[in-house]
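Taken in order, these protein sequences are the chains called A and B. Position one of the first sequence corresponds to residue 12 (the numbering used here), numbered consecutively onward. Position one of the second sequence corresponds to residue 12 (the numbering used here), numbered consecutively onward.
Derived by calculation from the structure, the hints in this document are not laboratory data. Take the hints with a grain of salt, since some may be wrong.
Since the list gives no way to pick out one identical chain from another, each pair is judged satisfied if it fits inside one copy or across any two copies.
[As the list claims (entries may be wrong)] List of simulated lysine-lysine pairs, DSSO-like, C-alpha gap at most 30 angstroms: (1) LYS35 with LYS257; (2) LYS110 with LYS178; (3) LYS148 with LYS179; (4) LYS244 with LYS110; (5) LYS179 with LYS41; (6) LYS281 with LYS21; (7) LYS143 with LYS257; (8) LYS281 with LYS35; (9) LYS68 with LYS148; (10) LYS220 with LYS35; (11) LYS68 with LYS143; (12) LYS30 with LYS68; (13) LYS270 with LYS248; (14) LYS281 with LYS179; (15) LYS35 with LYS178; (16) LYS244 with LYS148; (17) LYS30 with LYS270; (18) LYS21 with LYS110; (19) LYS244 with LYS41; (20) LYS21 with LYS270; (21) LYS182 with LYS35; (22) LYS247 with LYS19; (23) LYS75 with LYS110; (24) LYS182 with LYS41.
Note that this is a predicted model, so its numbers are computed, not measured.
Number of protein chains: 2
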Amino acid sequence: MEFKAVLKEKASYIEKLLKEYMPKEEGYQKTIMEAMNYSLSAGGKRLRPILTLEACKSVGGDYKDAIPFAMAIEMIHTYSLIHDDLPALDNDDLRRGRKTNHIVFGEDMAILAGDALLNYAFEVMLLGSMNKENPNKYLNAMYEIASAAGINGMIGGQVVDVQSENKKISKEKLDYIHNNKTAAIMIGCMRAGAIIGNANDNELENITKYSKNIGLAFQIVDDILDIVGDESKLGKKVGSDIDNNKSTYPSLIGLEESKEEANRLIKEAKEALTQISNDTEFLSSLADYIVDREY
Amino acid sequence: MEFKAVLKEKASYIEKLLKEYMPKEEGYQKTIMEAMNYSLSAGGKRLRPILTLEACKSVGGDYKDAIPFAMAIEMIHTYSLIHDDLPALDNDDLRRGRKTNHIVFGEDMAILAGDALLNYAFEVMLLGSMNKENPNKYLNAMYEIASAAGINGMIGGQVVDVQSENKKISKEKLDYIHNNKTAAIMIGCMRAGAIIGNANDNELENITKYSKNIGLAFQIVDDILDIVGDESKLGKKVGSDIDNNKSTYPSLIGLEESKEEANRLIKEAKEALTQISNDTEFLSSLADYIVDREY
Numbered sequence: 012m013e014f015k016a017v018l019k020e021k022a023s024y025i026e027k028l029l030k031e032y033m034p035k036e037e038g039y040q041k042t043i044m045e046a047m048n049y050s051l052s053a054g055g056k057r058l059r060p061i062l063t064l065e066a067c068k069s070v071g072g073d074y075k076d077a078i079p080f081a082m083a084i085e086m087i088h089t090y091s092l093i094h095d096d097l098p099a100l101d102n103d104d105l106r107r108g109r110k111t112n113h114i115v116f117g118e119d120m121a122i123l124a125g126d127a128l129l130n131y132a133f134e135v136m137l138l139g140s141m142n143k144e145n146p147n148k149y150l151n152a153m154y155e156i157a158s159a160a161g162i163n164g165m166i167g168g169q170v171v172d173v174q175s176e177n178k179k180i181s182k183e184k185l186d187y188i189h190n191n192k193t194a195a196i197m198i199g200c201m202r203a204g205a206i207i208g209n210a211n212d213n214e215l216e217n218i219t220k221y222s223k224n225i226g227l228a229f230q231i232v233d234d235i236l237d238i239v240g241d242e243s244k245l246g247k248k249v250g251s252d253i254d255n256n257k258s259t260y261p262s263l264i265g266l267e268e269s270k271e272e273a274n275r276l277i278k279e280a281k282e283a284l285t286q287i288s289n290d291t292e293f294l295s296s297l298a299d300y301i302v303d304r305e306y
Numbered sequence: 012m013e014f015k016a017v018l019k020e021k022a023s024y025i026e027k028l029l030k031e032y033m034p035k036e037e038g039y040q041k042t043i044m045e046a047m048n049y050s051l052s053a054g055g056k057r058l059r060p061i062l063t064l065e066a067c068k069s070v071g072g073d074y075k076d077a078i079p080f081a082m083a084i085e086m087i088h089t090y091s092l093i094h095d096d097l098p099a100l101d102n103d104d105l106r107r108g109r110k111t112n113h114i115v116f117g118e119d120m121a122i123l124a125g126d127a128l129l130n131y132a133f134e135v136m137l138l139g140s141m142n143k144e145n146p147n148k149y150l151n152a153m154y155e156i157a158s159a160a161g162i163n164g165m166i167g168g169q170v171v172d173v174q175s176e177n178k179k180i181s182k183e184k185l186d187y188i189h190n191n192k193t194a195a196i197m198i199g200c201m202r203a204g205a206i207i208g209n210a211n212d213n214e215l216e217n218i219t220k221y222s223k224n225i226g227l228a229f230q231i232v233d234d235i236l237d238i239v240g241d242e243s244k245l246g247k248k249v250g251s252d253i254d255n256n257k258s259t260y261p262s263l264i265g266l267e268e269s270k271e272e273a274n275r276l277i278k279e280a281k282e283a284l285t286q287i288s289n290d291t292e293f294l295s296s297l298a299d300y301i302v303d304r305e306y
């Protein structure tokens, strides 16, 4: 099977699981649950939940134990998109060709739906951690997710990104934004998956290296695609970074150098995989896909 | 010591602890941390963290074990106030006589500071739960907080409250709002404290009854004070519920009947305390204070 088809199949599996995990739209909370489900079912690559399960499998764990964490990471990713799209932040009306949450449900419900998804992520992880043989393992995995999503991770990166709008920033600051806004969640979810899969110290170290590198490479490729990408494949306008005067890898170090940096990160990521005991074929192909992708 | 002084002393202790638990305002995230600390240090009764520690003590537990959960519940309460005050929700410029978060830091930072506080609450609880002798106890306590704060608790109540603005609603719906928007968090934090304090089933049941009753009574008294309260003592304008055409206990069942209902709830709450083994003197006085309070 072509890798794109493998990825699509895995995304479908995640979507089936998400439907099972989401609250039913009923009773007094019908509207908020509709708003939560609207954004959670809006598609996307489902990369983060896939990475969570694959990290667990790659160290020989039972991926089923990591499912609640995979669900949670997609809920956290989705809440961050809902809040990012709000008028007070990026003010986007469309995402993946669909109206954004606040356009459909109003700003008040969009704020609350985001809050509800973040909170629900922890409810789901906690339910998946209670009454297990090794509760400390699950507590450690949950802490990986929580710290990756917070001020020393995703939110921290998002804040600095917001504050850097229309400003030329240093490469150091751009690295901080990329490492936190994008890579931290990928590192957190893969470390959580690996911990649940009983990774040893060496494996955990190499899962961390792999996820850090593909996270940063993913963001650099995003920046590159905003310049050279095909709008019909991307499903969004290109050139928005230049229009918004945004500092990016290409604007700071050049287009060719950015491609080289992404390739170097992916090469290192694949080297890290050689230290992992079990099935890493998917993760290796995924690393290649991340630099070769067209959308 | 007069009870008000006891309450104030306990609030001061909570504020001292909050300072220790809050992130330092430094580095790239300085602004978001300032925004988080601004609202978290804005005062208030600190009722929820106090209840968490007292619930733990009342069943003979070591309140120190419950401190991270007490901190977390105040962070969750504070994030909900920051988001409630936003222009898209209540659009309030002032809270407790100080400018609201979005007035000082902007709407974008206020949204992110709220998100950050909710996320940080879980980080703090997780750090306080790892490497303990009985991790399942802490997982259970965390789940109490998480479910009380989510769509089947605080957020659920808030959503229905928002949707009921300028509408006459049924007493059943008003009870749903009060029970979820206000009482759920009080129940959740007291149950968490009691679980950490190793409550037996009977104690947990009675802590639940106590917290449910004082939570609902607290909200009914809030409604009453909005009619008969002294603005100088309350620190806010009275009559806003009537001005906003808001359904309240007094508007639905009358002022006297509302007072009677609050008194009945408090009497029952104090009866529940007789089933608790250890020191319940504070909780008993608190129940009286909740109906007698003037602000």
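Which holds for LYS68 with LYS148 at a C-alpha limit of 30 angstroms: within a copy, between copies, both or neither?
both (16 angstroms within a copy, 29 angstroms between copies)
How do LYS244 and LYS148 come out at 30 angstroms by Cα distance, when the copy is not named: within, between, both, or neither?
Classified as neither; 41 angstroms inside a copy, 50 angstroms across copies.
My question is about LYS21 and LYS270: at a cut-off of 30 angstroms on alpha-carbon distance, are they close within one copy, between copies, both, or neither?
within (27 angstroms within a copy, 58 angstroms between copies)
Between copies, within a copy, both or neither: which fits LYS30 and LYS68 at Cα up to 30 angstroms?
Within one copy only: 23 angstroms inside, 41 angstroms across.
Up to 30 angstroms between alpha-carbons, please classify LYS143 paired with LYS257: within, between, both or neither.
Answer is neither: 47 angstroms inside a copy and 46 angstroms across each miss the 30 angstroms cutoff.
Can you tell me if LYS281 and LYS35 fall within 30 angstroms by alpha carbon in one copy, between copies, both or neither?
The answer is neither: 41 angstroms in one copy and 37 angstroms across copies each exceed 30 angstroms.
Which holds for LYS182 with LYS35 at a C-alpha limit of 30 angstroms: within a copy, between copies, both or neither?
between (45 angstroms within a copy, 25 angstroms between copies)
Alpha-carbon proximity between LYS35 and LYS178, which holds within one copy, between copies, both or neither at 30 angstroms
Classified as between; 26 angstroms across copies, 44 angstroms inside a copy.
Within, between, both or neither, where LYS270 and LYS248 count as close if Cα-Cα is 30 angstroms or less
So LYS270 and LYS248 pass the 30 angstroms test inside one copy only (21 angstroms; across, 60 angstroms).
My question is about LYS281 and LYS179: at a cut-off of 30 angstroms on alpha-carbon distance, are they close within one copy, between copies, both, or neither?
Neither: 33 angstroms inside a copy, 62 angstroms across copies.
Is the C-alpha distance from LYS110 to LYS178 at most 30 angstroms within one copy, between copies, in both cases, or in neither?
Result: close both inside a copy and across copies, 29 angstroms intra and 29 angstroms inter.
Up to 30 angstroms CA-CA - LYS270 versus LYS30, copy category:
neither (37 angstroms within a copy, 45 angstroms between copies)
Consistency note: the structure conflicts with the earlier hints numbered 3, 7, 8, 14, 16, 17, 19, 23.
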